[in-house]
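Listed below are the residues making up each chain.
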Amino acid sequence: TQLLEQSPQFLSIQEGENLTVYCNSSSVFSSLQWYRQEPGEGPVLLVTVVTGGEVKKLKRLTFQFGDARKDSSLHITAAQPGDTGLYLCAGANAGGTSYGKLTFGQGTILTVHP
Amino acid sequence: EPEVTQTPSHQVTQMGQEVILHCVPISNHLYFYWYRQILGQKVEFLVSFYNNEISEKSEIFDDQFSVERPDGSNFTLKIRSTKLEDSAMYFCASRDRWNTEAFFGQGTRLTVV
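Top line first, the protein sequences correspond to chains A and B.
For what it's worth, the working numbering labels the leading residue of the first sequence as 250, then goes sequentially.
For what it's worth, the working numbering labels the leading residue of the second sequence as -10, then goes sequentially.
Looking at chain B on its own, in the form it has when it is part of the complex:
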């Protein structure tokens, strides 16, 4: 069964460092998302991406965040200068053109120290 793949599963980084989280969405999907979940809190929307551009972004998604689809299969989330409060699980999700059903990856646990 097709699935969304995220790497790495766990990333530890120093405060102020740049991190790039990687995602390979389901191959025939056209809409891509990043969500995050701080420990013990609800899953929060960060950004949606379609047709090589951002469709919508939340207040969390400030100038320190960026997304890119560098080729036909990868979808990345970059945090330029990480802060302690960026520590969270980051989930990539994708869906096809016709449905709102979103399929999630296993997540990347980002720990900023």
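Bound conformation, chain A alone:
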């Protein structure tokens, strides 16, 4: 069974601060996806990282995939209240009939105070 450990579970910061969310696993994934989920809604895809060591930027968000494709991080620079929400990482299986099946982390609830 693949597991994806996401940390921290809760993060409460002031506007303007930086933060990093981590996802770690002992398993190799073909890709890792980051989602944002609002209460009562489905996960919305933010970014997919595919290549080991890959770094992708989305405005103030920086996503990194570990060299061994087992871990990933999300870094937010100068957080704003609009960043408040639940962030999920999900690893996609590498092959066979499970290819594309997602294993989710527990999620990080981010609160950015004005």
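One or more of the hints may lead you astray.
[Unchecked claim] Pair ranges (Cβ atoms, derived):
{"#": "1", "chain 1": "B", "residue 1": "N17", "chain 2": "A", "residue 2": "S279", "range": "16 to 22 angstroms"}
{"#": "2", "chain 1": "B", "residue 1": "N40", "chain 2": "A", "residue 2": "Q251", "range": "36 to 42 angstroms"}
{"#": "3", "chain 1": "A", "residue 1": "V277", "chain 2": "B", "residue 2": "D52", "range": "28 to 34 angstroms"}
{"#": "4", "chain 1": "B", "residue 1": "K46", "chain 2": "A", "residue 2": "S256", "range": "28 to 34 angstroms"}
[Stated by the list, open to error] Interface residues of chain B toward chain A, partial, derived using beta-carbon atoms under 7 angstroms:
{"#": "5", "residue": "N17"}
{"#": "6", "residue": "V32"}
{"#": "7", "residue": "F50"}
{"#": "8", "residue": "F54"}
{"#": "9", "residue": "E57"}
{"#": "10", "residue": "R84"}
{"#": "11", "residue": "W87"}
{"#": "12", "residue": "A91"}
Keep in mind the hints are simulated off the structure, nothing from the lab.
Just so it is clear, CB atoms sit at the ideal spot from N, CA and C, and this is done for glycine as well.
Once you have looked at the hints, place chain B on chain A.
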């Protein structure tokens, strides 16, 4: 922008009743999934579906669950005899042939009473 559509958004049912959750995946996608999220817990994989058959199912997906693609656009999840512990948000997702990027619907909140 294409999106995955799920109906109903909320379903309340009596324990022991059958429910069918509906999904319309993105039109050119070939791989379809159901996930569920019990309140306060992580999103869990239920089943994957490709080429009109189940590719993989989790331990949660027992004989009470079934999936069907009755026509070229719909993808349904049926729970034959609901239990209280089936109460959760159910998400449908789809992806294309070339990428592992999965796009999720808004979800159906199932409440079993």
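Each hint, compared with the structure:
About 21 angstroms separates the C-beta atoms of B:N17 and A:S279, a value consistent with the hinted range of 16 to 22 angstroms. For the hinted restraint 36 to 42 angstroms between B:N40 and A:Q251, the CB-CB distance of approximately 24 angstroms leaves it violated. Range check, A:V277 to B:D52: about 33 angstroms between beta-carbon atoms, so the 28 to 34 angstroms window is met. Taking 28 to 34 angstroms as the suggested C-beta distance range, the pair B:K46 and A:S256 conforms, at roughly 29 angstroms.
Contact between B:N17 and chain A, as hinted, is not supported at the beta carbon level, the nearest pair being about 15 angstroms apart and thus beyond 7 angstroms. Interface hint at B:V32: satisfied, since its Cβ lies 4 angstroms from the closest Cβ of chain A, which is below the 7 angstroms cut-off. Interface hint at B:F50: violated, since its Cβ lies 12 angstroms from the closest Cβ of chain A, which is beyond the 7 angstroms cut-off. A distance limit of 7 angstroms between C-beta atoms decides the matter here; for B:F54 the minimum to chain A is near 16 angstroms, and the interface restraint is violated.
At about 19 angstroms, the closest approach between the beta carbon of B:E57 and any beta carbon in chain A exceeds 7 angstroms, and the interface hint on this residue is violated. For the restraint placing B:R84 at the interface with chain A, the shortest Cβ-Cβ distance is roughly 6 angstroms, inside the 7 angstroms limit, so the hint holds. Taking 7 angstroms as the C-beta cut-off, the interface hint given for B:W87 is violated, the closest approach to chain A being about 11 angstroms. Contact between B:A91 and chain A, as hinted, is supported at the beta carbon level, the nearest pair being about 6 angstroms apart and thus within 7 angstroms.
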